[in-house]
Structures are given as structure tokens and as C-alpha cells.
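*Asks:* Chains G and Z are the protein sequences, given in the same order.
Numbered per the numbering used here, the first sequence spans residues 930 to 1208.
Numbered per the numbering used here, the second sequence spans residues 930 to 1208.
Rather than coming from a laboratory, the hints here were simulated on the basis of the structure.
Just to be clear, a hint being listed does not mean it is correct.
Pairs involving identical chains hold if they fit within one copy or between any two copies, as the list cannot separate such chains.
Said to hold, decoys possible - Calculated cross-link-like contacts (lysine-lysine; reagent style DSS-like; alpha-carbon spacing at most 30 Å):
1) Lys988 with Lys1187
2) Lys969 with Lys1187
3) Lys1188 with Lys1127
4) Lys1150 with Lys1195
5) Lys1036 with Lys969
6) Lys1127 with Lys987
7) Lys1003 with Lys1127
8) Lys969 with Lys987
9) Lys1150 with Lys1202
10) Lys1003 with Lys988
11) Lys1188 with Lys988
12) Lys1150 with Lys1205
13) Lys1205 with Lys1003
14) Lys1003 with Lys1188
15) Lys1127 with Lys1187
16) Lys988 with Lys1195
17) Lys1188 with Lys1150
18) Lys969 with Lys1205
19) Lys1188 with Lys987
20) Lys949 with Lys1195
21) Lys1195 with Lys1036
As the structure is a computational prediction, the values presented were derived from the model and not from experiment.
Protein chains: 2
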Amino acid sequence: MTISIVGIGLIGGSLAITLKENGFADHIIGVDINQTNLDKAIRRRLIDEDTDLDDALKKSDLIVLSTPVDVMLKMLPHVLDQVDQQVVMDVGSTKVQLMEVVREHPKRGRFVATHPMAGTEYSGPEAAIPNLFDHKYTVICNEGESDQDAIHLVRQLYESIPMSIASLDALSHDVHTAYVSHISHISSFALALTVLEKEHDEDRIFELASSGFGSTVRLAKSSPDMWIPIFRQNRDNVLDVLDEHINQLARFRSLLIKKDYETFYKLIQESNKIRKILS
Amino acid sequence: MTISIVGIGLIGGSLAITLKENGFADHIIGVDINQTNLDKAIRRRLIDEDTDLDDALKKSDLIVLSTPVDVMLKMLPHVLDQVDQQVVMDVGSTKVQLMEVVREHPKRGRFVATHPMAGTEYSGPEAAIPNLFDHKYTVICNEGESDQDAIHLVRQLYESIPMSIASLDALSHDVHTAYVSHISHISSFALALTVLEKEHDEDRIFELASSGFGSTVRLAKSSPDMWIPIFRQNRDNVLDVLDEHINQLARFRSLLIKKDYETFYKLIQESNKIRKILS
Chain G
930 MTISIVGIGL
940 IGGSLAITLK
950 ENGFADHIIG
960 VDINQTNLDK
970 AIRRRLIDED
980 TDLDDALKKS
990 DLIVLSTPVD
1000 VMLKMLPHVL
1010 DQVDQQVVMD
1020 VGSTKVQLME
1030 VVREHPKRGR
1040 FVATHPMAGT
1050 EYSGPEAAIP
1060 NLFDHKYTVI
1070 CNEGESDQDA
1080 IHLVRQLYES
1090 IPMSIASLDA
1100 LSHDVHTAYV
1110 SHISHISSFA
1120 LALTVLEKEH
1130 DEDRIFELAS
1140 SGFGSTVRLA
1150 KSSPDMWIPI
1160 FRQNRDNVLD
1170 VLDEHINQLA
1180 RFRSLLIKKD
1190 YETFYKLIQE
1200 SNKIRKILS
Chain Z
930 MTISIVGIGL
940 IGGSLAITLK
950 ENGFADHIIG
960 VDINQTNLDK
970 AIRRRLIDED
980 TDLDDALKKS
990 DLIVLSTPVD
1000 VMLKMLPHVL
1010 DQVDQQVVMD
1020 VGSTKVQLME
1030 VVREHPKRGR
1040 FVATHPMAGT
1050 EYSGPEAAIP
1060 NLFDHKYTVI
1070 CNEGESDQDA
1080 IHLVRQLYES
1090 IPMSIASLDA
1100 LSHDVHTAYV
1110 SHISHISSFA
1120 LALTVLEKEH
1130 DEDRIFELAS
1140 SGFGSTVRLA
1150 KSSPDMWIPI
1160 FRQNRDNVLD
1170 VLDEHINQLA
1180 RFRSLLIKKD
1190 YETFYKLIQE
1200 SNKIRKILS
């Protein structure tokens, strides 16, 4: 099967490696507005050839859109205008607005909305790695709006990696990702700024940063080109979660001010329940 | 050399493994108020024998205190009362109050205050691992208040691992650890509570938690028995940093409300500078 991947970055590039290695794809075509990215992808053998979007659409059985989510909104209707029997899937982090722009499209059935829950804080084709998706979860959204053969193909793709598949409606997806992904990034960005502003004149103190610090701020390395479009599209949900997170921090603040260490202790015990969720 | 380790948990136990393996210690004595911990430590061969504190002091060249920091405050003066030429060091996360309780002690010189900047979110002797400290930084506080031979011995110990050594006064230490360690824990506790409270009726959604989420909340598994005494002793510094962190989050909130994505973008770019600090 020939697969085109539009946007050869961390996610698109890692998917290219995976699907070529496991034999799901015979031939991978890369499309990117950035020719340097395409050159890197060819050199790293992530893709077999590069071409423009319209040419790629003609040559492919499956088209994977893995651009930032703002680009996706504009690109998807244009792509669907041109498909015949090909299948189109996206791998973006937000879904409600994307579903909206193609809801009435005559070729809506050829599109499958997905979100593999995997990533790192790095971006670009140089960040692509094998095994990024292995044994993680992927979401397929609004399955009922896609043609059955399209769903079947996309499920086969994810099962070939292998990934587990969860089926969600777009609204639930966007709420849940605000909780299990987007807020973590805002928290890391804020933590990085907190420390950078305070410690700007004392370089050596960062030598003392423990692995715990590294773990909580590593997402602050993430690209604004990827994340601003996500926050823009999922603004309302992110605001809800952010409000709640600020309230939790304010509760800890108030307990410290009152020196109520007993309640603080109980809240830590409560938060320890995250153990049952994180392996 | 015979070394007693008082408090055989993650840190004490890992130190025991390391110093036995690299030959710095010939014989390691474990002391713990919890006999189950001692039994585990013997079974895991973290220690060669266990005994009570007073007996351990008599038999040892070096005594390492690795209890929670509230216990340390009470224990250190008692330990110094009994030492002759032995060296005593601690490995606790806070320093100002500890320095205070022994400032006028006639045996103050035999004590060296240290803080190896390493750990995991787990605790107890079962969490002890080799290589926890390798090539990390350790802090030695108020070196001028310790006898030169005591400092020399403790430096040799850390160099044997090997760890790099930073020298700081206790006040600076407590400010800096609030920034590079303590606030990360509060942020994780709060993030865990935020998500747990919202998602309590939807178990499966945690299947979707990405690795980014896991990274930012993993510290929320940390033990309140260790952390409440730290927050209690370092309350004022932690409050300062927490205020600043809440302000940073409130800034992001306000930008989302105003849909000022341009400024938001610049702040993410600013926070990306953490790349130069984190490897």
C-alpha cells in the first residue's frame, strides 16, 4: 500500500518509520511545506519520495494528515475535495472544530479522525523515532460518520503497530485531552517560567535541579507552533481545567499559610491515588 | 570503614548499595524504627547487620542520617551528644532549621550537612536502587562550621560515587531547593488532584493519558511522610515560589480569556529556554 504523510515531523515521521518497518506500507510519500524537513526525511529514510500534496493524493491509497491542527482545519476540506476511493486520516490533538469543517462534506465518509496518544517534547523529522506508538492508546472519533471500509483500514493500521483503540465522540475527546495532556503542558510552561524568572542570574543553581524537576518541566521544551493552535481550538476546555488546577494550587497555598499540615497530608494521600492510574 | 545508615529507605538504602559496591564501606549497619524495613534491607543485602542507634554510633566511623527531616531535627543533637571522633552527615532536603538546632553544640564540627540531589517518587528499602546518585550533584552546606577532617571524609564519600559537589550556605540551599525540587512536587500533587477529581467516574479515560501526563504527575506518587516535614520546614520559601507559580498560571489563564495567542506564543518561546538547562 502507498501511504502519503502530510507533515513529516515527530508524529508523521515516527509513523512513517513504524509503518514501513512493519510492512503495512510498501511505499511512503512525504509532503511538507518545509523542503528542509523533506530533505531530512529522505536522508533519514523516513520516506521513499517527496512530492506536492495534489500529486501525493493521486498516488496514495491512504493519506495521513499530521500537520499542526490549525493547518489541518484548512487542508482537510481541500483534500476531501480531491479524493475518490482513498482514505484520509488525521492524527491531530483536537477534534471538535475539525469535525465541524467537514461535517457536510460529500466525501466525509472517506475521512477517519484519530489521535494516537503518544509524543515527546521534541519536534521535526529529526525527532522521529521507532516504537513511539507501541502499545499505547489511539482514539478514533465519531466512527459513525466514516465509511466502514475506511474505519476498517485505519483500525488495521493501528493494530499493525500495535496500538489499542478507543472510540470516542469528538466532544468527549477534546474534554479528556484537556485533562490528560493539554493541562500538563501549560503546567510545565508555567513552571519553567517560574524558575527561569527567579533564577536568571544564578546559572549554577540549575546544576542542582533534580530528576523530579526535569520530569515536571520537560514538556516546556515543546514547540509553540504545535501548541498554540491546540490551545486556540480547545480553549474552553483548557480554561476549565486550568481554573481547576489553579484552585488546587490555591488550596495548597492557603493550607501552607494556615500551617494546616494535617489537611495538606490528607491531600497528598489523596493525590497518591494517581498510582493506580500511572504504571 | 564501618558506616551506619539511620533510616533505610529510598535514599539511605540506595546509598548503602552504592558505598558497599564501590568499596568505600566495608561494613554497613542499618538503623530504622521500622523493623520490617530492616528485615527487608537485610534480605535485599542493603545492610550487613541491624542494631539500635546507640550501638550503631559506637561501632561506626561514619553515621549517615537519612530519616524524614522532622525526625532529623530531634535526632541530630542526640547523636552529636554521643559522638567522639566519628563523623555524622545527613542527606535531608532542608537545612536552615537543622543548622539552627546544632549551631551551639560542642560537637558541631563532627557534623557535615549534605543534600544529594537525586531521588525517585518511590520510598522504602524496596525502592532502593544502585546508580541513583551517579554523576548527579550533591550540596554541602555551611562547610566552615564542620571540622576539616569531617569535610574531607564526606567529600571523599561523594567523589567515590562519583557525584559533583556544590557548596552553599543553608539559606541559599533552602531557597534554591524550593525552586528546583519542592515546587515540582506541589505542582504534581495539584495536577493529580485536578485530574482525579474531574475524572473519578470515568476510569477508562486514563488509558488515554499520554507519557507527557505521566511525566508531569509522577511525583504525585511521593510519600506525605517525607514531604510534609519538608514543606513545614521550608514553608516560607515554598510559599514564595508557589505564589509565583500561581501568578504564571493566572497569566496564561488571562491570555486564554483574552484570546491573546500572540503573547501566549511568546511565553512558550520564553519557557523553551529551559532546554538550555535540561539535557
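*Asks:* Does each hint hold? Answer for all of them.
*Replies:* Hint check:
| no. | hint | result |
| --- | --- | --- |
| 1 | Lys988 with Lys1187 | neither (67 Å within a copy, 44 Å between copies) |
| 2 | Lys969 with Lys1187 | neither (56 Å within a copy, 38 Å between copies) |
| 3 | Lys1188 with Lys1127 | both (25 Å within a copy, 27 Å between copies) |
| 4 | Lys1150 with Lys1195 | between (33 Å within a copy, 13 Å between copies) |
| 5 | Lys1036 with Lys969 | neither (33 Å within a copy, 64 Å between copies) |
| 6 | Lys1127 with Lys987 | neither (54 Å within a copy, 45 Å between copies) |
| 7 | Lys1003 with Lys1127 | neither (41 Å within a copy, 33 Å between copies) |
| 8 | Lys969 with Lys987 | within (24 Å within a copy, 65 Å between copies) |
| 9 | Lys1150 with Lys1202 | both (28 Å within a copy, 8 Å between copies) |
| 10 | Lys1003 with Lys988 | within (21 Å within a copy, 75 Å between copies) |
| 11 | Lys1188 with Lys988 | neither (67 Å within a copy, 40 Å between copies) |
| 12 | Lys1150 with Lys1205 | both (28 Å within a copy, 10 Å between copies) |
| 13 | Lys1205 with Lys1003 | neither (40 Å within a copy, 35 Å between copies) |
| 14 | Lys1003 with Lys1188 | between (53 Å within a copy, 20 Å between copies) |
| 15 | Lys1127 with Lys1187 | both (25 Å within a copy, 26 Å between copies) |
| 16 | Lys988 with Lys1195 | neither (60 Å within a copy, 40 Å between copies) |
| 17 | Lys1188 with Lys1150 | between (35 Å within a copy, 22 Å between copies) |
| 18 | Lys969 with Lys1205 | between (41 Å within a copy, 24 Å between copies) |
| 19 | Lys1188 with Lys987 | neither (67 Å within a copy, 39 Å between copies) |
| 20 | Lys949 with Lys1195 | neither (50 Å within a copy, 37 Å between copies) |
| 21 | Lys1195 with Lys1036 | neither (54 Å within a copy, 38 Å between copies) |
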